[in-house]
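> Top line first, the protein sequences correspond to chains A and B. For the first sequence, the positions run 1 to 698 when the numbering used here is used. For the second sequence, the positions run 1 to 698 when the numbering used here is used.
Keep in mind the hints are simulated off the structure, nothing from the lab. Here a beta-carbon is modelled for each residue, glycine too, at the ideal position from N, C-alpha and C. There's no promise every hint is true.
[What the hints assert, rightly or not] Selected chain B positions facing chain A (Cβ under 10 Å, derived; list incomplete):
#1 Lys-138
#2 Glu-307
#3 Gln-408
#4 Arg-411
#5 Pro-424
#6 Pro-502
#7 Asn-506
#8 Gln-510
#9 Met-634
#10 Pro-638
#11 Glu-640
[Unchecked claim] Lysine-lysine pairs mimicking DSSO-like chemistry, simulated, CA-CA at most 30 Å apart:
#12 B:Lys-376 to A:Lys-155
#13 B:Lys-376 to A:Lys-376
#14 A:Lys-377 to B:Lys-138
#15 A:Lys-189 to A:Lys-179
#16 A:Lys-376 to B:Lys-189
Number of protein chains: 2
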Amino acid sequence: MARAPANRKIDHPPPGALPQGRGNKPTPSDPATESTSTPPPAGADRRRVAIESVTPEVDFGRFPAKRSLGEQVVVEADVFADGHDALASVLRYRHQSSSEWTETPMTALVNDRWRGRFSVTQLGRYAYTVEGWVDPFKTWNKQLAKRIEANQDVKPDLEIGARLVESAAKRAQGEDATKLAALAQALRKQGVAMPASQGEQLETLMDRHADRSLATTYGRELEVVVDPERARFGAWYELFPRSAGKPGAHGTFRDVEQRLPYVSGMGFDILYLPPIHPIGRTHRKGRNNSVRAAAGDPGSPWAIGSELGGHKSVNPDLGTLEDFRRFVRVSGEHGLAVALDIAFQGSPDHPYVREHPEWFKHRPDGTIQFAENPPKKYEDIVPFDFETESWRELWQELLSVVQFWIEQGVRIFRVDNPHTKPFPFWEWLIGEVKRGQPDVIFLAEAFTRPRVMNRLAKLGFSQSYTYFTWRNSAWEIVQYFTELSRPPVADFMRPNLWPNTPDILNDYLQTGGRPAFAARFMLAATLGASYGIYGPAFELGEARPRETGSEEYLDSEKYQLRNWKLDSPDNLRELITLVNKIRRENPALQTDRTLRFHQTENEWLVAYTKSTEDLNDVVLTVVNVDPRRAQAGMVTLPLEELGLPRDRAYQAHELLTGARYVWNGARNYVEINPSSAPGQIFRLRRQIRSEHDFEYFL
Amino acid sequence: MARAPANRKIDHPPPGALPQGRGNKPTPSDPATESTSTPPPAGADRRRVAIESVTPEVDFGRFPAKRSLGEQVVVEADVFADGHDALASVLRYRHQSSSEWTETPMTALVNDRWRGRFSVTQLGRYAYTVEGWVDPFKTWNKQLAKRIEANQDVKPDLEIGARLVESAAKRAQGEDATKLAALAQALRKQGVAMPASQGEQLETLMDRHADRSLATTYGRELEVVVDPERARFGAWYELFPRSAGKPGAHGTFRDVEQRLPYVSGMGFDILYLPPIHPIGRTHRKGRNNSVRAAAGDPGSPWAIGSELGGHKSVNPDLGTLEDFRRFVRVSGEHGLAVALDIAFQGSPDHPYVREHPEWFKHRPDGTIQFAENPPKKYEDIVPFDFETESWRELWQELLSVVQFWIEQGVRIFRVDNPHTKPFPFWEWLIGEVKRGQPDVIFLAEAFTRPRVMNRLAKLGFSQSYTYFTWRNSAWEIVQYFTELSRPPVADFMRPNLWPNTPDILNDYLQTGGRPAFAARFMLAATLGASYGIYGPAFELGEARPRETGSEEYLDSEKYQLRNWKLDSPDNLRELITLVNKIRRENPALQTDRTLRFHQTENEWLVAYTKSTEDLNDVVLTVVNVDPRRAQAGMVTLPLEELGLPRDRAYQAHELLTGARYVWNGARNYVEINPSSAPGQIFRLRRQIRSEHDFEYFL
């Protein structure tokens with residue numbers, strides 16, 4: 001019946017700073033309605049509507065939810081009152097840059113749940129909250145229909161309705177007031193004989209001028225932080241510039257420029273470099289993490305700082321700062337955004353050690369405290385003392401490091417070991433950066449305990465590494481990604497899936513051969529809207545661990561140069577290129593929010609769909625996690641939820657091979673042989689015309 | 001290693017009013033540590049510990065959790081920091097009457113979860129919160145052990161430890177300071193050769209004088225409201241005094257006094273009376289809800305008020321106010337607490353209608369608005385207008401009604417239709433009453449939608465009617481009571497289970513005969529620590545509906561007197577007496593918090609246990625919900641969780657018949673024939689001596 005008013009701006013000022021805390025505790029009552037004859041009941045209030053369980057809401061509004069540009073924020077809430085009166089509810093939102101709220105109606109679902117939505121079209125933060133009120137006119141309207149149906153005399157009710165309309169006329173101004181006054185008279189005179197068009201006008205005007213003096217506003221203003229699309233969707237490629245040179249020579253930014261066509265040709269979006277700063281000499285690590293470096297060993301890039309400079313300097317072996325700026329520009333011309341590594345630690349030779357000894361811990365003998373995890377010692381690294389009495393100066397300096405690289409054109413940072421620095425430090429630093437540059441993206445290398453990983457995501461990291469690397473069975477994948485793709489986690493954490501990193505070559509890859517690499521790649525690229533590989537080790541199938549039982553690479557680039565044979569016939573670049581193309585062409589694969597797993601009746605097959613909200617793009621991926629044998633199973637799909645027909649055929653278009661299958665019903669056969677490809681990616685197309693022409697499948 | 005300090009009082013003042021809102025947002029940093037050389041990073045703070053997901057916490061602390069006198073409040077929280085340093089955490093609590101907090105240590109479970117507990121020994125509200133800090137001494141201690149094990153030189157570490165101890169000595173005073181200073185020296189000199197007793201003393205003292213300057217306190221002070229035991233555990237009996245007289249005569253309080261031995265003899269704790277006030281004459285309802293009353297028809301007790309008085313008067317047909325006070329006293333002598341009905345509505349003859357027309361809605365013709373649910377009309381009832389401009393006077397008057405009956409000795413109120421009065425009204429009214437009389441109990445007759453039912457419980461009702469009445473299959477019972485017995489619902493709602501009420505004679509009872517009544521009784525009395533029946537209709541198996549498809553009783557006492565034949569051979573009093581005795585003897589049945597369902601391999605059999613925390617009392621109930629046929633099944637018990645032996649026999653002592661069975665293992669056979677008893681109640685006793693003497697089963 002009621003037609004929702006279109007979104008409209010309202011010009012009353014926001015009720016307060018965001019967020020406000022406290023829940024919908026009774027607020028001081030409206031002074032306009034206060035009686036003076038008896039003392040008011042302490043703390044009481046007539047507002048009848050309760051608002052509970054608003055989603056998204058991260059830790060009672062302590063942290064913002066996350067969305068990317070252009071996405072929708074679907075807000076739900078329990079909005080209800082005593083009794084059976086009709087309610088109305090609106091969602092209010094505003095961008096941080098505006099003090100003006102926009103209002104959009106919420107719609108009742110079932111069980112007192114209401115839903116509204118708004119699109120986020122600006123970077124930065126939006127505030128939103130929910131308001132609800134008892135609507136006597138809607139109640140009257142609903143009851144009137146029942147009275148008429150029961151053939152009751154509705155004359156007194158028409159008079160009651162007319163008075164409600166007259167009250168609204170007093171609240172309205174100008175034309176609306178005049179119209180409402182006239183409609184009140186029409187109600188009295190014509191009553192149920194009022195033309196439908198006039199009835200509709202009446203409802204619209206009554207909605208617009210509803211009596212909201214006793215409306216309840218949800219006690220908190222919630223926030224959503226809006227990041228660039230790249231925070232949601234992107235393919236990352238990590239490489240060590242040191243290995244991009246001629247065999248035996250230390251690679252430079254110029255050398256990496258030669259590698260850009262190779263990387264962008266595979267369809268990657270982000271090129272991530274380990275730290276590019278001068279490397280310490282004291283206790284420098286040699287090949288395979290040996291405690292003594294040989295002459296010419298380049299050392300670990302994470303042992304940052306030497307007499308040549310610290311976090312704001314470039315390792316001269318890679319080039320100059322000018323070379324780096326040029327490299328960022330040229331990468332951009334190849335469609336690649338450069339991501340830098342933020343590793344807040346130093347080598348014992350870092351200039352900070354000399355200039356700011358107060359930023360480090362010292363041992364009783366006066367020596368600086370190196371990194372350790374007793375009994376293990378990491379003598380090439382000195383950690384900052386984030387709790388130092390000089391913490392303010394230290395923190396400001398570290399912020400200036402990020403800002404320095406932003407000035408050089410970098411917008412994406414991969415943060416090393418964020419879980420060993422204080423939470424408030426990151427919340428402050430990311431907040432400061434994004435206040436001025438809301439387009440900056442921070443990826444947390446949070447390989448740590450679940451609560452810590454979640455906290456880092458909540459406090460501001462745009463993306464997070466995950467446990468994907470160690471989830472290799474179908475069962476583990478279903479469990480873990482079901483958790484990641486649903487609220488509450490999905491509201492604050494965006495996973496970025498890496499089958500390998502320079503630190504992690506896991507057992508599955510060590511033992512599974514090329515099919516294992518291909519399977520893990522397909523999983524990463526289709527389970528995760530964001531994923532990455534550490535190459536060329538990955539696409540070349542480098543599988544040799546430093547020693548049995550270790551996840552470290554043999555001859556790791558962390559400690560030495562490597563000469564990669566990119567033209568190897570085993571290079572997975574063809575598969576990678578194809579899958580990245582499929583990702584770009586299918587918006588379904590560009591979000592994690594719609595991920596759903598499906599039964600396969602085979603414990604080695606994992607099957608899942610992603611889809612766009614309009615279901616015009618539905619992608620089913622099936623991966624065989626057994627790298628040794630072909631596996632077959634029956635995949636059961638929830639047809640209705642995927643917009644597929646129950647009563648006629650639809651098409652399963654396999655995008656890697658181009659093969660098109662006609663499927664019928666919910667349960668269909670899939671067989672996957674890892675020796676050809678470890679997975680299949682189907683676009684599921686419903687038939688939109690009756691002719692048997694495949695092109696008519698949408 | 002660390003020995004937790006015993007609970008101790010701390011004398012620093014509470015950090016603020018309760019509750020505070022906002023979550024653990026960084027608080028302004030400690031002025032003592034502020035540097036003045038550079039401006040502090042805005043909003044930042046060095047406190048490293050995060051505290052999340054505290055339980056119990058109802059709607060972010062907006063509402064208190066509920067416990068009864070003597071219960072424990074088990075508080076859990078995620079307490080964690082960056083890195084791997086050792087943490088310490090305490091639970092702080094205080095009764096509302098005290099500004100002094102008591103502290104008790106929390107213990108780490110798994111996955112950064114911590115747990116602490118306190119007992120509630122006073123009625124009213126307690127506040128509690130959680131505090132956590134990084135503990136350098138614990139970290140040092142943990143690392144020292146690893147260094148020693150790895151045979152490292154720990155001399156520098158002993159010096160570091162000694163300095164930590166010296167810092168603590170400065171924070172301590174008196175004897176502790178002296179001891180700590182000495183221990184620092186001992187650490188330097190004796191090091192790892194320090195005697196164990198001295199090491200223990202050191203740990204205790206270091207715990208007591210931990211550096212908490214950078215401790216994080218959870219951002220909210222949460223509350224728990226403590227009610228009398230009777231709010232948790234009690235058997236209710238509802239009767240209409242009007243039917244307690246000689247056949248044909250209107251019963252009086254004196255007549256009900258004669259009935260007290262019958263009611264208390266069955267083991268009931270609470271005697272609940274429908275409204276006892278004068279009944280209106282205008283539009284008085286006749287027998288079977290007829291719209292016209294015949295001469296002598298007593299009318300519905302819920303049509304309150306006549307020229308003889310309103311909510312503070314007694315219906316003269318029942319006696320005088322003095323009679324009522326005597327009745328309350330005599331009931332008490334029989335071990336029965338009297339519960340009154342609070343029905344905030346009037347008949348058209350209520351004195352308020354004349355004295356306070358502004359408390360009611362009026363129709364355009366000036367007549368008072370009676371109750372209706374269009375197209376249905378209830379012309380014998382006029383509702384209050386809780387939103388009237390004179391709401392303050394109205395609310396105060398209604399509060400005074402409750403206070404009036406409290407003055408007459410009543411402490412328990414069953415509230416009629418609370419879901420048709422505003423939430424803020426109840427929150428205010430119950431808050432006002434319990435501020436002065438924290439022993440008062442309110443039972444909400446909240447037969448309404450789930451969100452509304454929950455809200456009423458959250459805002460202060462001590463107990464709530466439930467959907468139990470309509471959950472008759474084993475599957476429904478398992479689903480519903482699993483939800484009710486677990487957080488979040490169990491933290492704020494106490495169910496009170498009624499198989500029938502004067503308004504509800506459901507289909508299961510109408511059609512199932514005596515076994516149905518017996519089954520529903522056993523379910524109510526063993527699923528619910530609180531339950532009630534409307535008698536004598538219930539125990540006499542009154543099953544005639546007013547008409548087919550109706551849940552109303554034929555010849556309902558709501559509109560007429562009834563003459564009940566208490567000596568009928570079908571009277572269930574023997575079963576009721578026995579079950580109430582079992583409830584009193586088994587503390588396991590006096591709580592809902594431990595309810596657990598178990599597989600029966602038969603869809604007609606529902607099996608569940610309740611137990612005391614120490615597992616000294618474990619009660620298994622199995623009910624056959626098929627009132628027509630015997631059903632058998634295998635009950636599977638989680639032996640370990642119930643403290644039962646896996647490797648030897650235990651005893652299942654059936655408490656209704658006294659039969660004792662020797663059971664082995666998790667899976668045991670049960671057969672239940674509804675024609676004898678529809679259920680069995682087993683006390684499960686583990687064997688505590690090896691002799692085969694049943695008396696040695698605990």
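> Does each hint fit the structure? Answer for all of them.
Consistency of the hints with the structure:
1. Annotation: B:Lys-138 was flagged as interfacial toward chain A, and the flag is violated, the nearest CB pair being 14 Å apart, outside 10 Å.
2. Annotation: interface hint on B:Glu-307 violated; nearest CB of chain A at approximately 27 Å, more than 10 Å.
3. This hint is violated: B:Gln-408 has a C-beta 23 Å from the nearest C-beta of chain A, more than the 10 Å allowed.
4. Taking 10 Å as the C-beta cut-off, the interface hint given for B:Arg-411 is violated, the closest approach to chain A being about 22 Å.
5. Look at B:Pro-424: its Cβ gets to within about 5 Å of chain A, closer than 10 Å, so that hint holds up.
6. Proximity of B:Pro-502 to chain A is violated relative to the hint, the smallest CB-CB distance being about 22 Å (cut-off 10 Å).
7. At about 22 Å, the closest approach between the beta carbon of B:Asn-506 and any beta carbon in chain A exceeds 10 Å, and the interface hint on this residue is violated.
8. At about 27 Å, the closest approach between the beta carbon of B:Gln-510 and any beta carbon in chain A exceeds 10 Å, and the interface hint on this residue is violated.
9. Look at B:Met-634: its Cβ only gets to about 29 Å from chain A, farther than 10 Å, so that hint breaks.
10. The closest approach between the C-beta of B:Pro-638 and any C-beta of chain A is roughly 23 Å, which is over the 10 Å cut-off, so the hint fails.
11. At a threshold of 10 Å, the smallest CB-CB gap from B:Glu-640 to chain A is about 25 Å, leaving the interface hint violated.
12. A hinted pair counts as satisfied when its Cα atoms are at most 30 Å apart, and B:Lys-376 with A:Lys-155 qualifies at roughly 17 Å.
13. For the hint linking B:Lys-376 to A:Lys-376, the alpha-carbon distance of about 80 Å lies beyond 30 Å, and the restraint is violated.
14. At roughly 20 Å between alpha-carbon atoms, A:Lys-377 and B:Lys-138 fall within 30 Å of each other, so this suggested pair holds.
15. Between the alpha carbons of A:Lys-189 and A:Lys-179 the distance comes to roughly 15 Å, so the proposed pair stays at or under 30 Å and holds.
16. With a C-alpha separation of about 26 Å, the suggested pairing of A:Lys-376 with B:Lys-189 holds against the 30 Å cut-off.
When the structure is compared with the earlier hints, violations turn up for hints 1, 2, 3, 4, 6, 7, 8, 9, 10, 11, 13 and for no others.
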